[in-house]
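Peer 1: Sequence lines, in order, name chains A and B. Under my numbering, the first residue of the first sequence is numbered 1, with each subsequent residue one higher. Under my numbering, the first residue of the second sequence is numbered 1, with each subsequent residue one higher.
Result set (DMTMM-like, lysine to aspartate or glutamate): computed pairs, CA atoms no more than 25 Å apart in a straight line:
#, chain 1, residue 1, chain 2, residue 2
1, B, Lys87, A, Glu158
2, B, Lys87, B, Asp107
3, A, Lys146, B, Asp155
4, B, Lys87, A, Asp162
5, B, Lys158, B, Asp22
6, A, Lys146, B, Glu51
7, B, Lys279, A, Asp12
8, B, Lys47, A, Glu33
9, A, Lys3, A, Glu134
10, A, Lys3, A, Asp120
From the structure, some residues in chain A lie toward chain B, with a derived Cβ separation under 7 Å:
#, residue
11, Thr29
12, Asn61
13, Gly65
14, Arg90
Residues of chain A placed beyond 12 Å of chain B at every Cβ, according to the derived structure:
#, residue
15, Lys9
16, Gln113
17, Gly114
By construction, these hints were calculated from the structure, which means they are not laboratory data. Computed from a prediction, not measured in an experiment: that's the story for all the values here. Here a beta-carbon is modelled for each residue, glycine too, at the ideal position from N, C-alpha and C.
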Amino acid sequence: MIKQGKAWKFGDYISTDHIAPGRLFHLRTNLPELAKHVLEDADPEFASKMNVGDFVVAGNNFGLGSSREHAPQVLKIAGVNAVLAKSFARIFFRNAINIGLLAITCDTDRINQGDELELDLSLGIIKNITQETEIIMTPLPDVMIKILNDGGLAKHIEKYGDFQLV
Amino acid sequence: MGKTISEKIISEHSGREVKAGDFVVANVDVTAVQDGTGPLTIQEIQKIGLEKCINPERTILFIDHAAPSPRKELSNAHKILREFSKKTGAILSDVGEGVCHQRLVEDYVNPGEILIGADSHTCTSGALGAFATGMGSTDVGIAIALGKTWLRVPDTYKIQVTGTFNDGVYPKDLILHLIGLIGADGATYKALEFTGETISNMAMSDRFTLSNMAVEAGAKAGLIASDEITKEYLFSRGRGDKFREIYPDDDAVYERVIEIDVTRLEPTVSCPHTVDNTKLAAQLGNIKVDQVFIGSCTNGRIEDLRIAADILKDKKVHSDVRLLVIPASRDVFLQATVEGIVEILVKAGASIMTPGCGPCVGVHAGILGDGEVCIATQNRNFQGRMGNTNGEIYLSSPATAAASALEGYITDPRKVICSIADQRTYPFEKYI
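Produce the complete structure using the sequences and hints provided.
Peer 2: Pasting the structure below:
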């Protein structure tokens, strides 16, 4: 699977409060509406500026904080192709894979705001078309690859009626 | 090879001997959701035709994050949980019963069990010697329906704690210090095991404070071996029969050991906007506060309210400060009433509010104005956490929060304790 889009650069410690703020708690049962505010508290204009298929590119500990699955959900609904980060907080990472949002651990220092990226999952690399470089992604554990291949955890369970992961 | 607490509990629940790094499907004893995550949980299992509850008496739906509801959308979200409870028999913990993590340790989780909850601070129950971890709505929904989840057995950091807390210094200062030391991602994917003489002598309420904040260092769980203190606590909650000893083997393998001597600690504060941005209260200078919040799953227990009441007795909160106090559960509220703590706090000028999460989630009950500063006993101070990205949140112990409410600026509690007790015993000048 190859995905192409533009990089939107964020820093370290982007929390679930930045991605899906607590003050918008009342929109949690209306995810398409909440998605219009995606990452609003990190960049108020992100949702209006981004295009479907773009990448969120961040530093360390992306998604720290709350267990709210709404955070990866609104990124996915907004059309973010994948989140690339140097590291992820545990619950966000697990939630992202569970709902079928690609969360990719890699060295993001060599990606600049606006760079055109091409993600090649079968090769496990990110091509930075703007800079003509390639970045190797950290492989996902097998369990998570199975979940992603089935379209997320709910779909996996729907398919097998139980866990068929280990 | 010996096992850590995590390895022991997960082995028992997965039917094989596991070690750190293994992937397993494990049986889950207790599941929990709250009003922010529960509606999505129910929606996700409905979508795949799995709207059922395999173990209803151990599935708890908490209405605590926006309780009572401040707006109709949230009232409708609450209805979803109440309807699911009626349909499946899952237990409902409705408005006013308290914060999920306090209610879970009070009445639902036992040593040796696995709890997964759709709330990041689910790790609180680790203080009972249970493997308790936060997950998202879908994970918990599937565990509600099937009674299982998949887990990667975590590596463990042993947090070896020695020494005695000096006056004015509390386990909250210890956990803030630890997070400042290793960073907000210092233990990502790891389990923490708190151990050592200081932990062995520590009351359950303080152990809960430590385990509660494990996730603020990125950890998956914050575990404490169960012992006589755990047993007494369980008896006090009417389920002494559920006690069992859970402890790591002597030859358990730890990825890292961190030693902390609490005798050397001083009142510590997390400064905006990350929990690991810690400084000593005495070094902060004159930071004026507009709001003080004493409560939350971290520090809203009776022991915390007693500390606040000791400091605020026969005093008045500073005229520029709003003091919000929220007992973590209905039982805590009742006990505070019986002990006269409510009267002391109200006379001091506090607003006492419905047991629940209060302003910690930024939904209601104390949202900050632009440029306002709050010092809170909660566990998180991210930008926007209290409903306004232009607000600033400092985290501290109940004593530091109460002292700051009196003085109107962030205050080392030893300054106030000193004036209450004996100037010679507490020469606070040396600290400021």
